[in-house]
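There are 2 protein chains.
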Amino acid sequence: MSADYTAMWQELGLDLEAHDGLLTVLGAAYRDIYLSQQNRPEAMAYFDFCVSGIHGLRIKELMEAQAEGRKVVGSFCLYVPEEIILAAKGISVGLCAGADLGTGQSGRLLPNNTCALIRSFVDFKLAKVCPYFEASDLVIGETTCDGKKKAYEILGELHNTFVLEVPHTKSASARALWRSEIGRLVGRVKELSGVTITAEGLAEGIRIVNAKRAALQRLARLRAAEPAPISGRDALLINQIQFYDDPVRFTESVHALCDELDGRVAEGEGVAPSSAPRVLVSGCPMAAPNWKVPFLVERNGGVIVGEESCVGERGTRNEVAEGGSSCEKMLDAIAERYLQIDCAVFTPNEERIGHIIEMARDLNADGVLQYVIQFCTPYSMETHRVEEAMRQEGLPLLKLETDYSMEDAGALETRIQAFLEMLTARSER
Amino acid sequence: MSADYTAMWQELGLDLEAHDGLLTVLGAAYRDIYLSQQNRPEAMAYFDFCVSGIHGLRIKELMEAQAEGRKVVGSFCLYVPEEIILAAKGISVGLCAGADLGTGQSGRLLPNNTCALIRSFVDFKLAKVCPYFEASDLVIGETTCDGKKKAYEILGELHNTFVLEVPHTKSASARALWRSEIGRLVGRVKELSGVTITAEGLAEGIRIVNAKRAALQRLARLRAAEPAPISGRDALLINQIQFYDDPVRFTESVHALCDELDGRVAEGEGVAPSSAPRVLVSGCPMAAPNWKVPFLVERNGGVIVGEESCVGERGTRNEVAEGGSSCEKMLDAIAERYLQIDCAVFTPNEERIGHIIEMARDLNADGVLQYVIQFCTPYSMETHRVEEAMRQEGLPLLKLETDYSMEDAGALETRIQAFLEMLTARSER
Chain W
1 MSADYTAMWQ ELGLDLEAHD GLLTVLGAAY RDIYLSQQNR PEAMAYFDFC VSGIHGLRIK
61 ELMEAQAEGR KVVGSFCLYV PEEIILAAKG ISVGLCAGAD LGTGQSGRLL PNNTCALIRS
121 FVDFKLAKVC PYFEASDLVI GETTCDGKKK AYEILGELHN TFVLEVPHTK SASARALWRS
181 EIGRLVGRVK ELSGVTITAE GLAEGIRIVN AKRAALQRLA RLRAAEPAPI SGRDALLINQ
241 IQFYDDPVRF TESVHALCDE LDGRVAEGEG VAPSSAPRVL VSGCPMAAPN WKVPFLVERN
301 GGVIVGEESC VGERGTRNEV AEGGSSCEKM LDAIAERYLQ IDCAVFTPNE ERIGHIIEMA
361 RDLNADGVLQ YVIQFCTPYS METHRVEEAM RQEGLPLLKL ETDYSMEDAG ALETRIQAFL
421 EMLTARSER
Chain R
430 MSADYTAMWQ ELGLDLEAHD GLLTVLGAAY RDIYLSQQNR PEAMAYFDFC VSGIHGLRIK
490 ELMEAQAEGR KVVGSFCLYV PEEIILAAKG ISVGLCAGAD LGTGQSGRLL PNNTCALIRS
550 FVDFKLAKVC PYFEASDLVI GETTCDGKKK AYEILGELHN TFVLEVPHTK SASARALWRS
610 EIGRLVGRVK ELSGVTITAE GLAEGIRIVN AKRAALQRLA RLRAAEPAPI SGRDALLINQ
670 IQFYDDPVRF TESVHALCDE LDGRVAEGEG VAPSSAPRVL VSGCPMAAPN WKVPFLVERN
730 GGVIVGEESC VGERGTRNEV AEGGSSCEKM LDAIAERYLQ IDCAVFTPNE ERIGHIIEMA
790 RDLNADGVLQ YVIQFCTPYS METHRVEEAM RQEGLPLLKL ETDYSMEDAG ALETRIQAFL
850 EMLTARSER
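Here the protein sequences line up with chains W and R, keeping their order.
For the first sequence, counting from 1, position 88 maps to 88 in the numbering used here; every step adds exactly one.
Numbers in the numbering used here are just positions in the second sequence, counted from 1, shifted up by 429.
Okay, chain W solo, but in the shape it has when bound (with noise of 0.2 Å):
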C-alpha cells in the first residue's frame, strides 16, 4: 500500500504507527493465505487489487463521496439493510472486527468473557486503526446478541452510534416490531444525510443489492462442481469483500469472476483434486481478516464449498421482492427479507437447520465443520441443535470453537487433520 495515503489517515484520526503495524502483519498474512494458493483464478487479481487498496483506495473513495455530500454508515450485521442507506445516497460499509490486535484496550470496558469479534471492534475503535470506523459518520447497531447489543452502550460512547431493535421470534407482532424499527431507520438516516427517501431510491437500492446477492449466489452455486472451481478462502474473501466495495463494481467483479469459473468447470478443472474431501463451514460469521480455520482447512487438502454464515449464504440466500409501488411497500418488502435471515439470535430457528442440510447436498460436501467464536452464546448454544439434525443426516460434523488467537492453531490443525482423514476413509468405502 502506498505512503500516499498518510496525510489521509492523519486526516481521519488514526494512529500511523498502530495503522502501519497492522497493515504490515495482515500483508504477510494475506501473501502467506491467499498469495501462496496454486491455480487462483485469474479473475481474482480485483479482489486482491480491493485487499491491497482496502485502507487505502477505497478509504479515498469515501472520503472523496463525503467531500460531495454523501454519508458513509458502518455496521457489523446483516440486519442492518444496506438499501436504504443506498436510496439515502449513503455508503454502506462493514467495520473492522476480524481481527486480535493484541493491544488489549478493549479490557477495561469488556469483560473478559466477551467474543473475539466484539472485542475486535471495540479494540479498532480505542485502538485508531480501522478507517473505516473513523470515516463513517453513523455507526448502526443492533440488537441481535447479548454482547453486541451492550457493546453498542459502550461504542456510544466513542462513535455517533444508532441501535436497531431486532425481535428474536418470527410472529406477527414481532413482524410489526422489525417493521416500525425500519420505519425508524428511513427516519435516522434521513436526518443523517438530508436526503428524502423516495420511491425511485429504494427501488434502485433494492435492484443493486439484489443483484449483488445474485452475483454471489451464482459464485456460490458453481462450488457444487467437482473439482471445485475455486478455493474456500477466496470464496470467503469475496463474502467478505462485499461488505467494503462499492455495490455496482464489485457485482460485475463477481460476475467477471463467475464467467472464468464457468469455463473451470466445463473443462473439469479445480483448485484441488476430486479426491479432496469437500467441507461446508456453518456457524459464527468470519470477518476479514479472519482466515485461520479455511487457511488450516485447504492447507490439509480440504476444500471449503461453502460458508453457512453470516459473511456467506446467510447474507447473500434471500432477495429482497422488487416492484413494490410505493416507499412504503418497498420498505414492507426490506423488513419481510431481512426477517427471512436465520440468524441464532432467534428462537426457535429451525429454518437454519434446514438451510445447512439444503447447502450440504447442494454442494455435495463430505462434512460440515461447526465454527463456533468462543463466547458466543447463540451459535454455541445452536450447536446442540445441528449436531442432532447431522446425525440424522448422516453427515459428519466437526465442532470448533476458537478465537483469532493463533495460539490454538496446532491443536485447531491436529483436529481438522483428523476430520479430514475421516471424511477421506469415509468416501474411499
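Keep in mind the hints are simulated off the structure, nothing from the lab.
Incomplete in silico selection of chain W near chain R, CB under 10 Å:
#: 1; residue: Arg108
#: 2; residue: Leu109
#: 3; residue: Glu153
#: 4; residue: Ile154
#: 5; residue: Val163
#: 6; residue: His168
#: 7; residue: Thr169
#: 8; residue: Ala174
#: 9; residue: Ala176
#: 10; residue: Trp178
#: 11; residue: Ser180
#: 12; residue: Ala344
#: 13; residue: Phe346
#: 14; residue: Arg385
Take a look, some chain R residues computed to stay more than 12 Å from chain W by CB distance:
#: 15; residue: Leu452
#: 16; residue: Gln466
#: 17; residue: Ser622
A virtual CB, placed ideally from N, CA and C, is assigned to each residue, including glycine.
Please build the complex by placing chain R on the supplied structure of chain W, with the hints as guidance.
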C-alpha cells in the same frame, strides 16, 4: 424432611437416590449458613419451616391443588406475570436453578461457557431432582438473555414449555410486542387450565401479587435502619421463598416478621453491630440455595442491606396499577408494570443505574458488591456502566464474578475481607 414423601416423589418421577443426596447436602448447608446465625428474628421460624417443607409439604400442596384441577406453572424469570396464572386459578412456582448438582449431565446439551444458573436448571431437569419442575404442568420461558432463550429450545424437548418474547428496548413498538405477548400468554394459560380469565380473577391476582410485593418492600425499607434488624442472608431467603410459597400465606408471614422488626428498630436492636460495613448487593439473581456470597460477606463481619437483583428489589419494586375497568385494561397495566423491570437485557438500561444509586442512598450502604454469575453476558457487560456510576457517586464497588461451585470460596473470601476492611477504614475516617 420426613420420609413420608417418598411415595409422592416417586409419583412425580424423581430419582429418589439422587434427590435424597441433594436434600442431605442442602440440609447441612442450611444449618451452617442459616441456623448458625445469632440473634435471628423469631418470625424467621416460619421461613425455616418453609425451607424444611420446600421439597415435601409444599409439593404436597401443589399436588393436592392439581388433584382439584388447578395447574402448576413453573418459570425462571420475573417477566412471567404471576397475576395471570393466579387469574386462571393456577399456581406459579420458581424452578430449581440455584445449585451445582455436580452431575455434569447438562454437558452433553450445553456449551462449557454456560452460566451456572442455566446449567443448574438443565441439570436439575435431567437428574430429575427438582420436584417443582416435575410437578409443573407448563414451564414458561422468555427471550431475555441469549443463554436462557436458547436453553428453552433444549428444555422444550424435555418438558411442556411456552416461551414469551421479551423485547430488548422500551420503545412504543417494543411495548406493543410485549402487550401482544401478554395476550398470547393469557390464551395459553386458558388453554392449559380450561379457566377463562375474567376481570374479577385478574383483579384478585393483581391484588394478591401487589400485596406480596408491598410486604417485601416493607421488609426492604426496614433494612435501612442502623443497626440492620435482619441479616442479608435471611432477607435473601425470604425473597427466594416468595417464588415457592403460597402468596397469601407468604405475605402474612412477611408482615408478621416486619412487625417484629419494627420493634427491633424502635429499640435499636440489630443482627450486627452498628459498625458493621453495610453492603448493597447488585447484579445477577441468587436463586435458592445460592447463598455463597452473602454467607461470605456476613461471616466476615459485613451486613447486606439490600439486593438490587431479580431475587430482591428488581422483582418487588413496581406494582401493577389497580382499578382497571376491564380485562384488557388490567392486562395493559400488567404489561406496563413488567416492562418497568430494569433487567440488563434491555438497552439502554439507565433506570438500573439510577436504582442502584437510589437504593444505596436509601439503605445507607457503605459499598456495592457487583455480583455477576460467570458467563452472564448482560450483567457482566453492564458492570462497566455500574462502575462508572459508582465512581461518580463516590461509592466503593467490589466486582465478583463466580459460579455455584465452592472452589473459589477462599479467593472470594480474601477479596471480600479486603473490601470490608476498606469500608470500615473509610467510615472511621
